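*Asks:* Spelled out from the first residue to the last, the chains are:
Protein chains: 2
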Amino acid sequence: MSTPDTKRLKTNDDAPYELVYWPGIPGRGELIRLLFEEAGVPYNDTAKTAGSKAVPTVLGYMSPDNTGDATNPPVFAPPVLKHGDLILNQTPNILLYLAPKLGLAPTEGDAVFHLNGIVLTILDGFVGEVHETHHPIATSLAYEDQKPEAKKRSERFVNERLPKYLGYVQRVFDAKTSGHGPWLYGDKLSYADLVLFQCIDGTQYAFPKAVGRLRESGKYGSVFKLYDAVKERPNVKEYLGSDRRSAYADGIWRHYPELDQE
Amino acid sequence: MSTPDTKRLKTNDDAPYELVYWPGIPGRGELIRLLFEEAGVPYNDTAKTAGSKAVPTVLGYMSPDNTGDATNPPVFAPPVLKHGDLILNQTPNILLYLAPKLGLAPTEGDAVFHLNGIVLTILDGFVGEVHETHHPIATSLAYEDQKPEAKKRSERFVNERLPKYLGYVQRVFDAKTSGHGPWLYGDKLSYADLVLFQCIDGTQYAFPKAVGRLRESGKYGSVFKLYDAVKERPNVKEYLGSDRRSAYADGIWRHYPELDQE
Numbered sequence: 003m004s005t006p007d008t009k010r011l012k013t014n015d016d017a018p019y020e021l022v023y024w025p026g027i028p029g030r031g032e033l034i035r036l037l038f039e040e041a042g043v044p045y046n047d048t049a050k051t052a053g054s055k056a057v058p059t060v061l062g063y064m065s066p067d068n069t070g071d072a073t074n075p076p077v078f079a080p081p082v083l084k085h086g087d088l089i090l091n092q093t094p095n096i097l098l099y100l101a102p103k104l105g106l107a108p109t110e111g112d113a114v115f116h117l118n119g120i121v122l123t124i125l126d127g128f129v130g131e132v133h134e135t136h137h138p139i140a141t142s143l144a145y146e147d148q149k150p151e152a153k154k155r156s157e158r159f160v161n162e163r164l165p166k167y168l169g170y171v172q173r174v175f176d177a178k179t180s181g182h183g184p185w186l187y188g189d190k191l192s193y194a195d196l197v198l199f200q201c202i203d204g205t206q207y208a209f210p211k212a213v214g215r216l217r218e219s220g221k222y223g224s225v226f227k228l229y230d231a232v233k234e235r236p237n238v239k240e241y242l243g244s245d246r247r248s249a250y251a252d253g254i255w256r257h258y259p260e261l262d263q264e
Numbered sequence: 003m004s005t006p007d008t009k010r011l012k013t014n015d016d017a018p019y020e021l022v023y024w025p026g027i028p029g030r031g032e033l034i035r036l037l038f039e040e041a042g043v044p045y046n047d048t049a050k051t052a053g054s055k056a057v058p059t060v061l062g063y064m065s066p067d068n069t070g071d072a073t074n075p076p077v078f079a080p081p082v083l084k085h086g087d088l089i090l091n092q093t094p095n096i097l098l099y100l101a102p103k104l105g106l107a108p109t110e111g112d113a114v115f116h117l118n119g120i121v122l123t124i125l126d127g128f129v130g131e132v133h134e135t136h137h138p139i140a141t142s143l144a145y146e147d148q149k150p151e152a153k154k155r156s157e158r159f160v161n162e163r164l165p166k167y168l169g170y171v172q173r174v175f176d177a178k179t180s181g182h183g184p185w186l187y188g189d190k191l192s193y194a195d196l197v198l199f200q201c202i203d204g205t206q207y208a209f210p211k212a213v214g215r216l217r218e219s220g221k222y223g224s225v226f227k228l229y230d231a232v233k234e235r236p237n238v239k240e241y242l243g244s245d246r247r248s249a250y251a252d253g254i255w256r257h258y259p260e261l262d263q264e
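Heads up: the sequence lines are chains A and B, in that order.
Numbering-wise, the numbering used here comes out as the position in the first sequence, counting from 1, plus 2.
Numbering-wise, the numbering used here comes out as the position in the second sequence, counting from 1, plus 2.
All clues given are correct.
List of simulated lysine-lysine pairs, DSS-like, C-alpha gap at most 27 Å:
#: 1; chain 1: B; residue 1: Lys154; chain 2: A; residue 2: Lys149
#: 2; chain 1: B; residue 1: Lys103; chain 2: B; residue 2: Lys84
#: 3; chain 1: A; residue 1: Lys190; chain 2: B; residue 2: Lys84
#: 4; chain 1: A; residue 1: Lys153; chain 2: B; residue 2: Lys154
#: 5; chain 1: B; residue 1: Lys55; chain 2: A; residue 2: Lys166
#: 6; chain 1: B; residue 1: Lys178; chain 2: A; residue 2: Lys84
#: 7; chain 1: B; residue 1: Lys221; chain 2: B; residue 2: Lys153
Pair ranges (Cβ atoms, derived):
#: 8; chain 1: A; residue 1: Lys190; chain 2: B; residue 2: Lys239; range: 46 to 52 Å
#: 9; chain 1: B; residue 1: Lys50; chain 2: A; residue 2: Pro18; range: 49 to 55 Å
#: 10; chain 1: A; residue 1: Thr141; chain 2: B; residue 2: Ser142; range: 21 to 27 Å
#: 11; chain 1: A; residue 1: Pro210; chain 2: B; residue 2: Asp245; range: 49 to 55 Å
#: 12; chain 1: A; residue 1: Gly86; chain 2: B; residue 2: Gly169; range: 24 to 30 Å
#: 13; chain 1: B; residue 1: Asp252; chain 2: A; residue 2: Gly86; range: 43 to 49 Å
#: 14; chain 1: B; residue 1: Glu162; chain 2: A; residue 2: Leu88; range: 28 to 34 Å
#: 15; chain 1: B; residue 1: Asn161; chain 2: A; residue 2: Asp189; range: 49 to 55 Å
Note that these hints are calculated values from the structure, not bench results.
Here the structure is a predicted model, which is why all the values come from computation and not from measurement.
Virtual Cβ for every residue (Gly too), placed ideally from N, Cα, C.
This is chain A alone, in the form it adopts within the complex:
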């Protein structure tokens, strides 16, 4: 329990990586893709490579008849990561597994848990709560069938929850543990930075006025400085300009102008 452990390694594990996710949206899959792209590590992205089988592949994992295999329990929902024989789900779990292998997190020590805690909170605020803004009653109902409730929830999100989560992330940057660079934790980019980038990018797409106003307030300077720094990472920049990056659509991060406000 000393200063953050920054030991990192890339394993020699040669098993191929496969990401299984819905085609046509960035969604939670994007939080995984950015790790591979930043690290320059190849992965098979079934949303892009499986053609007409992309959706059936996802549905096969989610089937009520699926009880896993000899060494893996069933998964609940995508994203799913296959690495050799291992099958994992739950975004923060996949990130926890992948990040040290891709050189984007330490392999052991307190930093593993500090980063996991930071990432879980970012995902709660900018994935979980953003999804609730347009589906506050039921995921099985269309947005059009829960618009009044979505309006109410979005007002609270924009005015209460979004500043609260941004304020927390700014405090993580203000902490002694964030090092001297633009990074959230220690003096190197970690997967938490990639997660924060994607979460800000998606939330900004969904609520451009609200995020714009909060950016201009100057209260969260380090958050947006990190956002800009990640966007300029050479591998990330190449990826964002490529056709491997899906446009936002009807996923977690949706833009309904009536839910946004300054």
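Once you have looked at the hints, place chain B on chain A.
*Replies:* Leaving out everything else, chain B in the frame of chain A:
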């Protein structure tokens, strides 16, 4: 990547454990307490020991002025675990850290990630989504100010989400990875079993009719068998009957009869 790794150890780390959580409710703190209680490992529970300072202690961690310390980033919300100099938050993160130290999970290997994935899903379904049933619009509003929306969300929860999550957990029991006993993963009790017990217990308190009907359906036999098995563990049984176990109140698991249904 062979069969689940069941190597476990208790560390010799003598640093004291401290749990910081709201007094007067079981809440997310209960998910941590059950590990200590099952393992028979002492912990300082500030909700019970800090008296009039219990609430200020929680608020101190959540303060907008708190930027952590020399080796820890700030936390977002309780539960908070202190172990020596280390400070962690986020329930699944604390569980991931504690479980191997308390002999309730393997220390390495695929099983670490399988268990983490299962636990994250159980927490999503029986903590996160249950909280949304009574607060679908805003955590800053009282339940009384969002009753119509809570009614709608609860109907969907009881009829769609609750069977979906119970069905998933039953599939985890049906998997080859669940071993021969009543346990979720492998042939020994793990922290995932304790988490599932608490989540079923709390959800049953909140929705007694709905959970009762689902139990009687017989479709989720292994889930309720596990529930009964954990309840009879000697240390858990002693704990549940002691004054260290808080009664349910206005926390995550609340009983509003108007939200329940058969």
